[in-house]
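Participant: Letter by letter, the chains look like this.
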Amino acid sequence: MSALLELAGVTRQFGGLRALSQVTLSVAQGEVLGLIGPNGAGKTTLVNVITGVHPASSGRVRFAGRDITRLRPYQVARRGVARTFQIVQPFPDMTVLENVSAAALFAGGARYGREARDEAMEHLRFVGLADIADRSAAALTLATRKRLEFAKGLAMRPRLLLLDEVNAGLNPNEIDQALELIRAIAARGITVLIIEHLMKVVLSLCTRIVVLHHGELIAAGAPAAIVEDARVIQAYLGRRYAREQGAVRG
Amino acid sequence: MRKDALVAALAFGLVALVPLGGEAYWLRLGTTMLMYGVLAMSWNFIGGMAGYPSFAVAAFFGLGAYSGAVAQKFGVPMVLAWTLAGIAALAFAALLGVALLRLRGHYFAIASLVVAEVLRELVNSATDLTGGGMGLNLPLPTMTSIDAQARFFFYAMLALAALTFAASLFTRYSKLGFGLRCIQQNEAAADMLGVNTTLYKVSAFVLSGAFVGAAGAVYASWLHYIEPPDVFDVLYSVKAIVMVLLGGAGSVFGPLVGAALFLSLEELVWRHYLQVHTGVLGLMIVLLVLFLPRGLMSISRRAWSRERPR
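Taken in order, these protein sequences are the chains called A and B.
Taking the numbering used here, I'd label the letters of the first sequence as residues 1 to 250.
Taking the numbering used here, I'd label the letters of the second sequence as residues 1 to 310.
Hint data in this document are derived by calculation from the structure and do not stem from the laboratory.
Keep in mind that a hint or two might mislead.
[As the list claims (entries may be wrong)] Here are some, though not all, of the chain B residues that point toward chain A, as calculated from beta-carbon distances under 7 Å:
#1 Lys175
#2 Gln185
#3 Leu193
[As the list claims (entries may be wrong)] Chain A residues, not near chain B, derived (Cβ > 12 Å throughout):
#4 Gly9
#5 Asp67
#6 Glu165
#7 Asn171
#8 Asn173
#9 Asp176
#10 Ala178
#11 Lys200
[Stated by the list, open to error] Incomplete in silico selection of chain A near chain B, CB under 8 Å:
#12 Pro73
#13 Arg83
#14 Phe106
#15 Tyr112
Think of the CB as a built atom: it goes at the ideal place given N, C-alpha and C, for glycine as much as any other residue.
The task is simple: from the sequences and hints, build the whole structure.
Facilitator: Have a look at this one:
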């Protein structure tokens, strides 16, 4: 498997705060990679660096063999990197269909008019929102708004989909549906990078997990290995707890 | 889109009949209304569609007026001078847009407000070219009768208004208009969705400058005389904004409806309340904006959606 996305020594500084420090990471084509870490670890910053919202202070980001470190967000989007927002952001005064059409038109390369609309409708069918296509996006429930984010992401014809806490705020039933959807998306051959706090989601979906803590990558590996990793336990639960765990086990 | 074009063609056709009445008062009022229609429709590109509160209308108007006047001073024929004025405002808007559209909200509003003041000072001090504070006289049109002149400038403004309307209609239903709606609602999200926000915003700003520039030049020729405080008056910006808000921001007919309503109110109030007319007018505008925050056009839209329940 070749690498679709490569980060080499990426650092992002906000004034005196180093949100990301020397992150080196490679995402393989077709992978479902989980990115976890305590609050404030720099997960969303990492997504912002990849998408060009906050370009890296130093280091390089390569996507599909090309350097995208200094590209603007719209250029990254057109290259095939789609993201969903932690706090969902539909265009409130547009219909559901128009929202998805915009994604198909501006990033997906569909032509203005019928082509963009037809394509948007197809994605709405895929995520199960076809029957509310004409509804205003402002009137949707949180769960449907998250589905709309999926449809927008797909309409961008991405090769890499960045999901930033798409399951936050959903009930268990809705999470199961979202899981199914993410699996179906991965089955289409789209590489997925998923930021998530819910371990149930990460463990059941991801082929590999990387852990971020204070802006540094502290562990990477298979899900089963990560939950046993002493540094990860320490990052989440503190040094003492990690030691006790180690003592019991040792 | 076809329906809108038809309604507009009908409306412009009706307005074109006004000179048949022949009364100088109506011609003058009509020309003024059409001019403000151009200003309001132009502001709608940047303020209504893209959601950027620009106060640059006065700057484009004054720039156009002086470009047209100076061009005619050097012997350029009148209609060509108007076109040049439009192009000058267009180029100026493009340069200004690249610089100013990095700012948002209040910061953008203040920056665009200052532009007219800067231009006015420049024109004031460039005495050799512009006559400075003395103003600038324009060559009298070749038409002999006053009536023919009035009619000529009425039709010139009508043509310019029709052109501006065609541009807004086309923009509203194009990829550009769709992108601007995205920017207006959430610029960061639009950027992430692949909209080249800088290009789109500058395009909207250019559209908001070009026609105003031409209108300024027509105005200068119409009056035969311009001076800096008159054509760089901030009221051109303020009135254009109020008209669009009255009519309905973002819609194609809103600015025209707003311009007609505003000037009718102004005319009516001015005649009946000579002492307190600005106060009465201001009160009416406050009430309208309070009770119809999305403008007059929202009434028809509301009626329309009630007819077709979802």
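Participant: Could you run down the list of hints and mark each one as holding or not?
Facilitator: These are the hints, each one checked on the structure:
no., hint, verdict
1, Lys175, "holds (4 Å)"
2, Gln185, "holds (4 Å)"
3, Leu193, "holds (5 Å)"
4, Gly9, "holds (25 Å)"
5, Asp67, "holds (19 Å)"
6, Glu165, "holds (16 Å)"
7, Asn171, "holds (26 Å)"
8, Asn173, "holds (27 Å)"
9, Asp176, "holds (27 Å)"
10, Ala178, "holds (20 Å)"
11, Lys200, "holds (28 Å)"
12, Pro73, "holds (4 Å)"
13, Arg83, "holds (6 Å)"
14, Phe106, "holds (4 Å)"
15, Tyr112, "holds (4 Å)"
Violated hints are absent here; each numbered hint is respected by the structure.
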